[in-house]
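Peer 1: Residue strings, one per chain:
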Amino acid sequence: MSNEAILHGSEVSTHEAHHDGHGEHHHHETFISKYVFSMDHKMIAKQFLITGIIWAILGGLMSVLFRLQLGFPDTTFPWLENILGHWAKGGKIQPEFYYALVTMHGTVLVFFVLTAGLSGTFANFLIPLQIGARDMASPFMNMLSYWFFFISSVVMISSLFIQTGPASGGWTSYPPLSALGDASIGSKTGMDLWLIAMALFVVSSLLGGLNYISTILNMRTKGMSMTRLPLTVWALFFTAVLGVLSFPVLLSGFILLLFDRHAGTSFYLSDIFLASTQKALPNEGGSAILYQHLFWFLGHPEVYIILLPAMGMVSEVMSTNARKPIFGYMAMVGSIFAITILAFLVWAHHMFVTGLNPFLGSFFVLLTLLIAVPSAIKVFNWLTTLWRGNIRFTPAMLFAIGFVSLFISGGLTGIWLGNSSLDIHLHDTYFVIAHFHIVMGVASFFGMFCGVYHWFPKMYGRYLNNTMGYIHFWITIVGAYLIFWPMHYEGLAGMPRRYLDYSGWASFNQFGGLNHFISIVSIIVFAVQLLFVFNFFYSIFKGRRVKSENPWGSNTLEWTTPIHPGHGNWVGEIPEVHRWAYDYGKDGREFIPQTEPISANESEHH
Amino acid sequence: MNIAMNEQVSGQKKRIHPHKFTLWVGLASVIMMFAGLTSAYIVKRSAPSWITIEFPKTFWYSTVVMLASSLTMQMSLRDFKQRDMAKYRRLLTITALLGSLFVVLQFIGFGKLWKSGTTFEGSGEGQFLYIIAGLHILHVLGGVIALLIMFIKAFSAKKKNYDAVPVEVMSTYWHFVDILWLYLFVFFLTMA
Chain A
3 MSNEAILHGS
13 EVSTHEAHHD
23 GHGEHHHHET
33 FISKYVFSMD
43 HKMIAKQFLI
53 TGIIWAILGG
63 LMSVLFRLQL
73 GFPDTTFPWL
83 ENILGHWAKG
93 GKIQPEFYYA
103 LVTMHGTVLV
113 FFVLTAGLSG
123 TFANFLIPLQ
133 IGARDMASPF
143 MNMLSYWFFF
153 ISSVVMISSL
163 FIQTGPASGG
173 WTSYPPLSAL
183 GDASIGSKTG
193 MDLWLIAMAL
203 FVVSSLLGGL
213 NYISTILNMR
223 TKGMSMTRLP
233 LTVWALFFTA
243 VLGVLSFPVL
253 LSGFILLLFD
263 RHAGTSFYLS
273 DIFLASTQKA
283 LPNEGGSAIL
293 YQHLFWFLGH
303 PEVYIILLPA
313 MGMVSEVMST
323 NARKPIFGYM
333 AMVGSIFAIT
343 ILAFLVWAHH
353 MFVTGLNPFL
363 GSFFVLLTLL
373 IAVPSAIKVF
383 NWLTTLWRGN
393 IRFTPAMLFA
403 IGFVSLFISG
413 GLTGIWLGNS
423 SLDIHLHDTY
433 FVIAHFHIVM
443 GVASFFGMFC
453 GVYHWFPKMY
463 GRYLNNTMGY
473 IHFWITIVGA
483 YLIFWPMHYE
493 GLAGMPRRYL
503 DYSGWASFNQ
513 FGGLNHFISI
523 VSIIVFAVQL
533 LFVFNFFYSI
543 FKGRRVKSEN
553 PWGSNTLEWT
563 TPIHPGHGNW
573 VGEIPEVHRW
583 AYDYGKDGRE
593 FIPQTEPISA
603 NESEHH
Chain B
80 MNIAMNEQVS
90 GQKKRIHPHK
100 FTLWVGLASV
110 IMMFAGLTSA
120 YIVKRSAPSW
130 ITIEFPKTFW
140 YSTVVMLASS
150 LTMQMSLRDF
160 KQRDMAKYRR
170 LLTITALLGS
180 LFVVLQFIGF
190 GKLWKSGTTF
200 EGSGEGQFLY
210 IIAGLHILHV
220 LGGVIALLIM
230 FIKAFSAKKK
240 NYDAVPVEVM
250 STYWHFVDIL
260 WLYLFVFFLT
270 MA
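Here the protein sequences come in this chain order: A and B. So the first sequence is numbered by our numbering: it starts at 3 and just counts up by one. So the second sequence is numbered by our numbering: it starts at 80 and just counts up by one.
Just chain B, same shape as in the assembly (with noise of 0.2 Å):
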């Protein structure tokens, strides 16, 4: 409907959204930074003295939530577009509670780890663990945080917007920070 209405103000070509686009761009940049830290992990890996860890098995679980949360976000998207607005706040509310949900299970298999003996102490697999996984919980209350600001603006009675670029920039990111924990974990897992 956008890109309809676009096109016939601007009599132009369909073109990505400069916000969207920024989005991308910042994305690479994100990329750029566990890209660094994963291969300094790498190159850590065949050190004398690394140490491997057990995963606690909450990890599973809370890559299941972020799994789950990613699907509660495209049907928020979904319902958004179909101007459902109450289905769209209410799973809009379910994907940010269930993204909490995973920072709290990430730390408690923080916690079931440190008390395995993993601490800070040498600069093994627990951890890089501790710094990356950390720091992808930093993306995850970002966006944690970006959903609570879209809930108030959606309860806001002052404008009606129906502007959809920024629930789908907000569904890009949440996919994003969704993979990248996939990507992390697995990475985690096979390059022990």
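Only chain A is shown next, with the shape it has when bound in the complex (with noise of 0.2 Å):
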């Protein structure tokens, strides 16, 4: 009742009152209020996963376009022009399209798929589910999120359609060849496109991330401490903090780079000589490095604001499925706190070889290695949470543990790429992509897959296939694997990234086998995500009916409400708390729910 009181207590006298209490809307919904214009916290939810799966098809189509490139350099694929036009001339993929190619595959998974599609969704949909209220604190402001990201979509996809293309100078649109038109064909018009999609996404996710901190912070059910949220909440907040605190010095450095291009100011050019147009430009007194900082400074919150609702909802579905406590909660939330400082202190270890001063190098090698100890911290949480668990091995719960053997071999090459020497090696080198693509990409897209199994029978009151989800999961995890472990070899070796062709290098040439090896298996996990895409859809319609309000056996309010919740999540009153969530075989009994009081005899716990 609380939050209904605050929000509406004041407005006895308006039209608003009778909602109160109800928790069901009764009056009528027409199909644009309910799937459109939706201000429901669950169906915004569901309009940002599936944009986000078709984001993700996209941006997984344009990896696979480039690794045909990559691993069959000397082939030609007829079949391409037919679809690609002169963006792949006699079947072979331009070098213009290349660097488009890589550049809009890094930004679609980077922000509209693991930042929208991932924290997007899963905020939108646990926040108000877990904390026990009826929707967000700004039902509106929830809704002008997902549209703000779907017209930022709209912007994004347009540049994929002009004649000089999207933009290409890497998702990071470092100046001065983003902020020169005539440098490149992709900094025309695709970059300003990319530069207003971006701002418009930044809209987006400030928009939502004021919603989800202020929902977490305010409209907790009753008995709800801070201390009784569960970790994906606490996830999902300091998420939103992220967010929230980095994305508009983002915007900063967008707003200086436009005027750059457009008006004529210098902020990051200076002395510049143009080979295309052979002209001098007057541009004078601008600094590069300095656009790197403004961006970076979001750019390392950006891992973190990807991985952590990740983090979140593994430890959620591995305590669940452990039949177990989650070991250690109030160290994963010191940790989860640790890494959201931290993520602000070492955007600069992306900038070690711009000439960045070495003293100054060595305090961001040391906060950068500090981050091991909040994520070993989890490491050793997850694994004690699953040892002697009663485990059940559900394809969310697979996803759980492959993310924490992900998150392990990706996060023990961060311990070497942190380190300001060893960085001017494997600076920019395929050692980097393995890293990343490991630890933060694949890990990432685990965490949501995991979060989508579990909580599709809430979002959709059917099950996802289980055969068709093990299928998923194996061939994924042993795919990851098997793509992104050789490219450590070839990274060592010294193998640059971003390069359309290696085989006029004899010290890359070894490589060729591997990197044809690297694209086949590529396909084929590419191929089993349409498996899981299928699955999603046919799910949606044909699926296993749920029977039971509480499938998993699960203690988080969610598992309350009826199978369809309507508007409002609860009938009647909103259930009170009064346990923490991880009370799983306490005293002789499976799952105690958050809704059930302390029994008198009941033994203490943490």
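In short, the hints are calculated from the structure, not lab data.
Derived Cβ-Cβ restraints for the label pairs, each shown as a range:
{"hint": "1", "chain 1": "A", "residue 1": "39", "chain 2": "B", "residue 2": "227", "range": "20 to 26 Å"}
{"hint": "2", "chain 1": "B", "residue 1": "225", "chain 2": "A", "residue 2": "568", "range": "31 to 37 Å"}
{"hint": "3", "chain 1": "A", "residue 1": "39", "chain 2": "B", "residue 2": "232", "range": "17 to 23 Å"}
{"hint": "4", "chain 1": "B", "residue 1": "191", "chain 2": "A", "residue 2": "184", "range": "32 to 38 Å"}
{"hint": "5", "chain 1": "A", "residue 1": "33", "chain 2": "B", "residue 2": "225", "range": "30 to 36 Å"}
{"hint": "6", "chain 1": "B", "residue 1": "265", "chain 2": "A", "residue 2": "184", "range": "37 to 43 Å"}
{"hint": "7", "chain 1": "A", "residue 1": "365", "chain 2": "B", "residue 2": "217", "range": "34 to 40 Å"}
{"hint": "8", "chain 1": "B", "residue 1": "232", "chain 2": "A", "residue 2": "525", "range": "53 to 59 Å"}
{"hint": "9", "chain 1": "A", "residue 1": "332", "chain 2": "B", "residue 2": "157", "range": "43 to 49 Å"}
{"hint": "10", "chain 1": "A", "residue 1": "275", "chain 2": "B", "residue 2": "232", "range": "56 to 62 Å"}
{"hint": "11", "chain 1": "B", "residue 1": "190", "chain 2": "A", "residue 2": "278", "range": "32 to 38 Å"}
{"hint": "12", "chain 1": "B", "residue 1": "190", "chain 2": "A", "residue 2": "499", "range": "43 to 49 Å"}
Which residues of chain A face chain B? A partial, calculated answer using Cβ under 8 Å:
{"hint": "13", "residue": "139"}
{"hint": "14", "residue": "140"}
{"hint": "15", "residue": "216"}
{"hint": "16", "residue": "220"}
{"hint": "17", "residue": "221"}
{"hint": "18", "residue": "253"}
{"hint": "19", "residue": "255"}
{"hint": "20", "residue": "258"}
{"hint": "21", "residue": "261"}
{"hint": "22", "residue": "268"}
{"hint": "23", "residue": "269"}
{"hint": "24", "residue": "284"}
{"hint": "25", "residue": "286"}
{"hint": "26", "residue": "299"}
Glycine residues also receive a C-beta, built at the ideal position from the N, C-alpha and C atoms.
Both chains come to you apart, so use the hints to assemble them.
Peer 2: And the structure:
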């Protein structure tokens, strides 16, 4: 009750008063208000998820296309020209298009899939359900958040169809390349559309983040103290904090870049002679490094924006399916907090080779390596949660365990890259590609899959098909290691990233066969993701029906709602919370929901 | 009054209204954007080709207007709480007008600066001023639009609403853009 009392308590005189206490809305909903401009956090979550899936297919397909070039540099694929026209003249991916592909692959997957698709989906879906609220603090802003994301998506997609093609200066869009339209065709209109789309994206994630934070802090149900929150909510909370404080800085970097592009200012430009026009530019006094600082001040927190929600969901799913309390709850919260703080203090480790003062660099090395401490605490706690657990190997649980595996293997190489001296050799090589794809890309995807498999029954009232889920998991995890593990060796040998064709270098020729292999595996893995997409949409309509409210035997509040919760989530009163979320296997009982009062002869917990 | 009612309904301790809280978090986010820009300014300031500017008098006038509008906003909030709706509407209008006047004065200031030879070319104090103060103007305009919406709502006869939260949110935001401008102005004057 308390939430509505605070939100609507003083509006007793208005027509909104009848919402209080009913929970379910009984007024008529049209198709538009229910499915399109919905203000129900659950529907908005589904909108984010499905848009994210579409983006993931596109972004993944892009990687398949450039892997064709990397794995088969001498082969032509005439069918490519039929689809892509002059971008694949003679059946070969053209250099300009190759750069556009890697740029868009990075942008799409980092921002549109793993930021909007992951935290947009699960923050919207889980926060109100797990803290016991009827909806977000501001459902309207929440709706706006999705629609800004949608417009941003439209702008980004439209850049694929213009004559000069999409942005192609890398997902980081460093000036001067990105600031000068004459520098490359990807720096013309495509770059403007990229910047506009990203600015809209920032607005979307700010609107979302504001809502997540104030919902978590202000709208918890009675008894839901902060230390009783499920770890998913803690993770989503710190994710939102990271986004709200770092995205605006990226936006200010973009604004300066737009002025350099179109108004003739020189924030990032200085002393440039442009080969394509044979002209010296008048710009003086700018610093390209300034952009890198502004970019990476977001860019580094961004990797945690991607990773933290995955960590939170993995903790929750793992505890539920190991039928054991999460090990070290407060240590988990503390380590997420430590990661959040450190995330703001390490951005210059992306810039060790830009001429950064080595003395300053050593501080960033220290702070970067410090992140290993909270990360190791989390890994330890996950492993000890699994230890002697009564594990149910559902697809969600497998993806959760897979996440931990990937997080360990990818995290260890982070210790290498965090050293400024080693970074001189490894910077911009395939070693970096391997590192961040495993630890941030694939690991977060695993967290996302884990969440989708686990909460799909709550979203649609049906289960995903398990057999397809197992096939999906095993091929994806084996494939992910087969794709990215060999890249470490390529990187150690000095093979640089972003090159179109390595066959001209004697030192990289040796990897021809390996690249061939990686490309074939990535095509197989991509095909298996399509199997997941099929499973997803098939199960929405034809999946096995959920028969009970709490199919996983879980403690958290979302499983106390009806199988198909309406707008408002609970019929009648919002349940009161009496305990933390992880009373599994206690006093001989398999699980004790958060809503159950602590009985007189119950043993002490943590 | 509201708080008392909330306490009656929920029986809980006094808590900040979620909308107000959302605003504060939003302001933190705006602060980060300007912090990013002003720290870029500080970094660039030590570059060799840094050019400073002479501030036209107009910016002093606009600062006074901004401060005055903050005062009228506060007075309108007080009148709203005292249910003096006529005065509330009048002061709301004055605040919106002062806000618009501030924007006009800023543009006049920009014009004078531009005529004195500080254009977009280069990357000195002037170029940063155009962008930072320009972004601040956008935030003021957002506030003016919000004031207009409240103004229309205040005249709508359909429902009487004595909920002070929207007005409080509005006034907090308005004071924020006021203080933000003071900070920026002092920053530009002292960090030339």
